[in-house]
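Protein chains: 2
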Amino acid sequence: MKKIAVEPKSGRFESLEAAVVAGGGIIASIEEADALVWADPAVPHELPSVLERARAVEWVALPFAGIEPYVPYLDTERLWTCAKGVYAAPVAEHVLALGLAGLRGLATFTRATSWPAQQGTNLIGGKVVVFGAGGITASLLGLLEPFGCHVTVVRRTATPVAGAHRTVALADRLEVLGDADLVVLALALTDETRGVIGPAELEAMAPHAWLVNVARGGHVQTDALTAALADGAIGGAALDVTDPEPLPDGHPLWTEPRAIITPHVGNTHEMGIPLLAAHIEGNVRRFIAGDVLDGHVDPAAGY
Amino acid sequence: MKKIAVEPKSGRFESLEAAVVAGGGIIASIEEADALVWADPAVPHELPSVLERARAVEWVALPFAGIEPYVPYLDTERLWTCAKGVYAAPVAEHVLALGLAGLRGLATFTRATSWPAQQGTNLIGGKVVVFGAGGITASLLGLLEPFGCHVTVVRRTATPVAGAHRTVALADRLEVLGDADLVVLALALTDETRGVIGPAELEAMAPHAWLVNVARGGHVQTDALTAALADGAIGGAALDVTDPEPLPDGHPLWTEPRAIITPHVGNTHEMGIPLLAAHIEGNVRRFIAGDVLDGHVDPAAGY
Numbered sequence: 531m532k533k534i535a536v537e538p539k540s541g542r543f544e545s546l547e548a549a550v551v552a553g554g555g556i557i558a559s560i561e562e563a564d565a566l567v568w569a570d571p572a573v574p575h576e577l578p579s580v581l582e583r584a585r586a587v588e589w590v591a592l593p594f595a596g597i598e599p600y601v602p603y604l605d606t607e608r609l610w611t612c613a614k615g616v617y618a619a620p621v622a623e624h625v626l627a628l629g630l631a632g633l634r635g636l637a638t639f640t641r642a643t644s645w646p647a648q649q650g651t652n653l654i655g656g657k658v659v660v661f662g663a664g665g666i667t668a669s670l671l672g673l674l675e676p677f678g679c680h681v682t683v684v685r686r687t688a689t690p691v692a693g694a695h696r697t698v699a700l701a702d703r704l705e706v707l708g709d710a711d712l713v714v715l716a717l718a719l720t721d722e723t724r725g726v727i728g729p730a731e732l733e734a735m736a737p738h739a740w741l742v743n744v745a746r747g748g749h750v751q752t753d754a755l756t757a758a759l760a761d762g763a764i765g766g767a768a769l770d771v772t773d774p775e776p777l778p779d780g781h782p783l784w785t786e787p788r789a790i791i792t793p794h795v796g797n798t799h800e801m802g803i804p805l806l807a808a809h810i811e812g813n814v815r816r817f818i819a820g821d822v823l824d825g826h827v828d829p830a831a832g833y
Numbered sequence: 531m532k533k534i535a536v537e538p539k540s541g542r543f544e545s546l547e548a549a550v551v552a553g554g555g556i557i558a559s560i561e562e563a564d565a566l567v568w569a570d571p572a573v574p575h576e577l578p579s580v581l582e583r584a585r586a587v588e589w590v591a592l593p594f595a596g597i598e599p600y601v602p603y604l605d606t607e608r609l610w611t612c613a614k615g616v617y618a619a620p621v622a623e624h625v626l627a628l629g630l631a632g633l634r635g636l637a638t639f640t641r642a643t644s645w646p647a648q649q650g651t652n653l654i655g656g657k658v659v660v661f662g663a664g665g666i667t668a669s670l671l672g673l674l675e676p677f678g679c680h681v682t683v684v685r686r687t688a689t690p691v692a693g694a695h696r697t698v699a700l701a702d703r704l705e706v707l708g709d710a711d712l713v714v715l716a717l718a719l720t721d722e723t724r725g726v727i728g729p730a731e732l733e734a735m736a737p738h739a740w741l742v743n744v745a746r747g748g749h750v751q752t753d754a755l756t757a758a759l760a761d762g763a764i765g766g767a768a769l770d771v772t773d774p775e776p777l778p779d780g781h782p783l784w785t786e787p788r789a790i791i792t793p794h795v796g797n798t799h800e801m802g803i804p805l806l807a808a809h810i811e812g813n814v815r816r817f818i819a820g821d822v823l824d825g826h827v828d829p830a831a832g833y
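Chain order of the listed sequences is W and G. For what it's worth, my numbering labels the leading residue of the first sequence as 531, then goes sequentially. For what it's worth, my numbering labels the leading residue of the second sequence as 531, then goes sequentially.
These are computed hints drawn from the structure, not numbers from a lab. On a predicted model such as this, the values are computed, not experimentally measured, just so you know. Careful, some of the hints might be misleading.
Any copy will do: because identical chains look the same in the list, a pair fits if it lies in one copy or spans two.
Stated by the list, open to error - Mimicking SDA-like on lysine to any residue, the simulated pairs with C-alpha atoms at most 20 Å apart in a straight line are:
1) K532 x W610
2) K657 x L805
3) K657 x I803
4) K657 x A808
5) K614 x L719
6) K657 x S644
7) K532 x E544
8) K533 x D824
9) K657 x E800
Could you build the full structure based on these sequences and the hints that come with them?
Listed below in C-alpha cells is the structure:
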C-alpha cells in the first residue's frame, strides 16, 4: 500500500483526493506520505515548506503542463511528474467540433430562422492539413482515426509525425494547402510562425475548405482572412483565438456568415479538472504497481 | 481479370465506372460482363431487360440501402449486394457534429456579436445514450471510440449491442436518461417509438444534457421539447429532423437559444456519391480476389 498526501488544502484538493483513492492510494499526512500530489497551481512558493516536512516522499505530482514556477524546487532525489499532454485532448476535441461545424454548414444553419437549403461536406474520407506536431496534433490524430482522413502535418522541419500520412516543412506549406478540406492551426507562436496564414495561404486553399485556429490569434493575418471570407475565397474560418483577442465589438468577423468565433474555450478550467483527476488516478495506480509514471519531468531540463 | 458492366447509362454512371476501374475491374458490355453494377436507383423496372442480355453475370450490385423495388427481380443463381450501411457513416458524423456543437456552446457562440462568456462540456470521457441499434449507431460507436465515452444503447429488447457498454430495453429508458451528457435518437419510427421523447423523458435528462435527433421528427414531442428548452430543463436540442418538417417560419424553435436546427442533411445526395463509389470499388476488388462481398443480400429474405 502507498500513502499519498494531497497538499495544500486549497485548489483542486477534493477532486484530487478522490482521484488518489480511486487509484488505490491511501490518503496520508505529508509526514507519513510516500508521494505528494500538489493540489493548487496558484501557490508554487508553498511547495518547499511542505516538502521540508516530508520524510518518505519518493514522487511529487505537479498539476500543470508548463511547470516553470516549480523549476527552482525540482530535485534529483525524487520522481517528478507534471500534467503534460493531459490538457491537449479537450483542445483537439474543440478542433473536431469546429471543423465538423464548419464543413457541415452549422455557421449557416444556426443563424437561420427559416428552413435553409441543404449544404455540407463530409469530414469522413476527407483531407486534413494540421500545422504543428505537439500534443494537440497527437490527440487530434487519435480522434480523426475512425474518420479515415488523409492527414498532412506541417511542422518546422519535415521529420515524420507518427500517425500522419505525410509531413512537410513549414516552408513548403503552399504546396499542400490546396489539397485540404480542413486546415488546422495547432502550432506554437514564434517569430517564424507569426502571421503564417496570410493572403498567399488563403489563396492556396480550396474554395470549400475551412480554417480552424486553436493555437494563437497571431498565426492568422486577420485582415487578409476577413477579406478572403468576404470574397468567398474559402469555405469559412472557425477561430477559438483571434487577433486582437478578445475580438472587439463591431468587428466584421462577428457578422461574417462564413465565420464561427468561440471565446478561447478549447480547454476551460472546468474541462481540465476531471482530466487532471484521471491523470492522477492513473499515476497513483502505476506508482503502486511500480510502473513508469506518465508525464515524467527531467529536473535537469526543467520540463 | 473480371469484366464489369455499369448500367443504365444514367444516374451515377460516371462515378461508378470510375470506381469499377479503381477497384481493378474492366468495363464491359452487359453481354460480356461477369458482374453488373446498377447505376440508377430511379429505374428499378429497367433491370430485368438488362439482365436478359447478360450471359455470364455472377454478381449484381444495387446502389441503395433499402432495396424494396428490386425484390421482385432477385434470384438465387447470382450474388446480390446492396449499399446497406454505406450511408450510415455520414449520418453518424452529423450526430457527432451536432453533439459536439451543443455540448461546446456553439448554439450560443455562433449567434454572438460580442465576445461571449466561456462555457462548454467535453464529450471526451462523457456518457452517451443512443436510441437504436442499426447502422447509424454502429458507425457512431466507431467514431466515438477514441473519445472514451460510456455508451448505453436503448433498443426494443435488451439484446447486447457490440461496442456498447450497456444495452437496455426501450421500456426502461427513463432509468438511463438521467446519466447522459448526450442523448442520440437514431432509431426507426414505428408505432412503438413515435413520440418516444416526451415530458417524462425530458424531465429525466440532466440539466446540461443535449438531445440530438437524426432519426425522424415524430420521435420527439415537439411541444414538450419546446417547453423544456424554454424552461432550461435540458442543455439543448440539435434536430436534423423535425415535426412538422420542414419547421414552419415563426416556430419558436427558430429563435430558441438552446436549439440547433439543420435541414435533414445527415446524408445529402452529394455526400452519398463518393461513399457509394468507395463501396463499389471495394467490392470490385473483393470480387476479383474471390473474397466475400460487402452488403450481401439474401434473396429469400429480401434484404
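Each hint, compared with the structure:
no., hint, in the structure
1, K532 x W610, "within (16 Å within a copy, 62 Å between copies)"
2, K657 x L805, "between (29 Å within a copy, 15 Å between copies)"
3, K657 x I803, "between (33 Å within a copy, 17 Å between copies)"
4, K657 x A808, "between (32 Å within a copy, 16 Å between copies)"
5, K614 x L719, "within (18 Å within a copy, 47 Å between copies)"
6, K657 x S644, "neither (32 Å within a copy, 32 Å between copies)"
7, K532 x E544, "within (19 Å within a copy, 67 Å between copies)"
8, K533 x D824, "within (19 Å within a copy, 55 Å between copies)"
9, K657 x E800, "between (32 Å within a copy, 17 Å between copies)"
Of the numbered hints stated above, the single one contradicted by the structure is hint 6.
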